[in-house]
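**Q** Got chain A; can you put chain B on it based on the hints?
Residue-level listing of the chains:
2 protein chains.
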Amino acid sequence: MSMDFSKATCPLPIMDHATIQLAHGSGGRMSADLIRRVFLPHFANPVLNLLEDQAVLELSLGRIAFSTDTYVVDPIFFPGGNIGELAINGTINDVAMSGGRPLYLSAAFVIEEGFSMESLHEIVAAMARAGKTAGILVVTGDTKVVNRGSCDKIFINTSGVGMIPEGVYLSAANLCPGDKIVLSGTIADHGMAIMTCRQGLSFQSRIESDTAALNGLTETMLEAAKGGIRAMRDPTRGGVAASLNEWAETAGAGIKIEETMIPVRPEVEAACEILGIDPLYVANEGKLLAAVAPENVQDVLAAMRDHPLGRNAVIIGEVTVDNPGLLVMTTVLGTTRIVDMPLGEQLPRIC
Amino acid sequence: MSMDFSKATCPLPIMDHATIQLAHGSGGRMSADLIRRVFLPHFANPVLNLLEDQAVLELSLGRIAFSTDTYVVDPIFFPGGNIGELAINGTINDVAMSGGRPLYLSAAFVIEEGFSMESLHEIVAAMARAGKTAGILVVTGDTKVVNRGSCDKIFINTSGVGMIPEGVYLSAANLCPGDKIVLSGTIADHGMAIMTCRQGLSFQSRIESDTAALNGLTETMLEAAKGGIRAMRDPTRGGVAASLNEWAETAGAGIKIEETMIPVRPEVEAACEILGIDPLYVANEGKLLAAVAPENVQDVLAAMRDHPLGRNAVIIGEVTVDNPGLLVMTTVLGTTRIVDMPLGEQLPRIC
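Chains as they are written, first to last, in this note's numbering: chain A, 1 to 351; chain B, 1 to 351.
So here's chain A without its partners, still in its complex pose (with noise of 0.2 Å):
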């Protein structure tokens, strides 16, 4: 027995939603078109437009870099920025810190049930900007919808691949005593945008996030360094203490740095201030800190500062042979004190 099916469609009609459903992540008829119309539309793309359960991508012989993170900030739009380009940056820049090239990128999205539609093509479009704006592809996704409350409304993880070039072998395990310590610009930034927007703080100058992808950057500073960087680190979660400090344990050398050196933005200075935070420990977004031989660190510096993302790029200190494993600082007022690891979470849901 057989039939003619070929002039038959689907019975159930497609429709319009204004928020995330169950069946938006059922992987049926809904995911598809979730997919086709929120997704592929900003991602579009050769590879990501077969829609297969994996991206092929052609490599050339060498190392890649992987990265993975999964973004849960809390509020999802924040000033300067919103949880999407974050999402693209971010992982860019793990990418970026290893000396890689970021290529290509996946997004997996965990989104709570009654999700604003509007919102997630927000986010989904900013993504696409930040994406552009690197030079890397989403090649491949996936999407879970949680019932209500089972998710805080949008987590998205992003896990990357770059192309290392040949000969570049950063790591903190190559700092040597005499390297300087260079930060990009200002800290502490995204983390008080994020915490003055939940506190409902305002300052005369809004605070911003300063996320950006910093592959533009790394890859200038690779070229002028002629081999000089031994590590690069976006000092993200805890901050400029918490990479430092890594750095210190990960070497076995001492790291010096000078307070009076350090960019902070007025604004963010004095939001820190009144909510008792140090800015040392307080996430940032599109910085990053180089550990440079001395010989080499003006030719990055002034590459740097060639760069929008490099402008206020400064030397903050160096590697030491004294007190190893541990960084210290010298304060403002021409003391020294150790700046340890932070223990704990004094912002949760930064990024």
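Since the hints were made in silico from the structure, they are not lab data. All clues given are correct.
Note that identical chains are pooled: a pair holds if it fits in a single copy or bridges any two copies.
Straight-line C-alpha distance at most 20 Å; calculated SDA-like pairs for lysine to any residue:
(1) K153 <-> P348
(2) K153 <-> D74
(3) K153 <-> C197
(4) K153 <-> T19
(5) K153 <-> S119
(6) K226 <-> A173
**A** Quick look at chain B alone, frame taken from chain A:
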């Protein structure tokens, strides 16, 4: 001014916690402690042990498969497995379905404050076992902790990277009329294990999830097929019905299957009947579909049946010129019906 801090130690004790605290997601000392105590003992490998923000991988020239999935299954422990091994096996399978050999996985956790540390250990241990069984390494990760009520216990994202052997180009676009549709075993086990667990149903034989890594099976099949495999797919969310509908649509061909050929365990069939669920739409987590050229299908079947995960492999249908874009089934009664793409969500949070 300078001081000797070489004998200084952290003045705050790191305490053992029975539950996850917000500080475990801070990027500070408690995060580091969680990584060292829970994640590293299970996942230890030379790449991960570097604890950089990204993994650096050596890959040979060629194409890589890249996939991502977030697992939000509820309950997180279920007959036959838990969310951890599901997260490892699921992403391995997505990579393997491209014909790729899965090599490296990332693991990103979103954990609710107060989650049991013992449960986390159990989940991570299951992930490590699953990874070992499948021969992959977890090389990079991320942990976020959100306030109580902001997520339901634990969500896990895994992203996977694998190498695709030269000459292997699998895609549903390759399907030709006459190709046989092969299914590796019984359907609906995973979904019905979750559902009966949620509903508190019990049967004489317990229904267990079929969660398994299929990369060993796919390698065997590719070797036996001598180029005759057009496409492979693991029918997870939306089940066999969704996967074959997607194939029919992509290929612009019809797919015709025989209901009598599709193996379903009696206890699974009984549970489906009680709950009014069609097993064709139920998620599998250790089964695959393959479209195979007719001249190679017997070799592929023989190889599958020699593998523990393909013992019940059968031909369930074929690709047709008729009914392009549609999945059509000859029922047990001898009638023919369209098996449509599932519209919505039959079974939320199944994976």
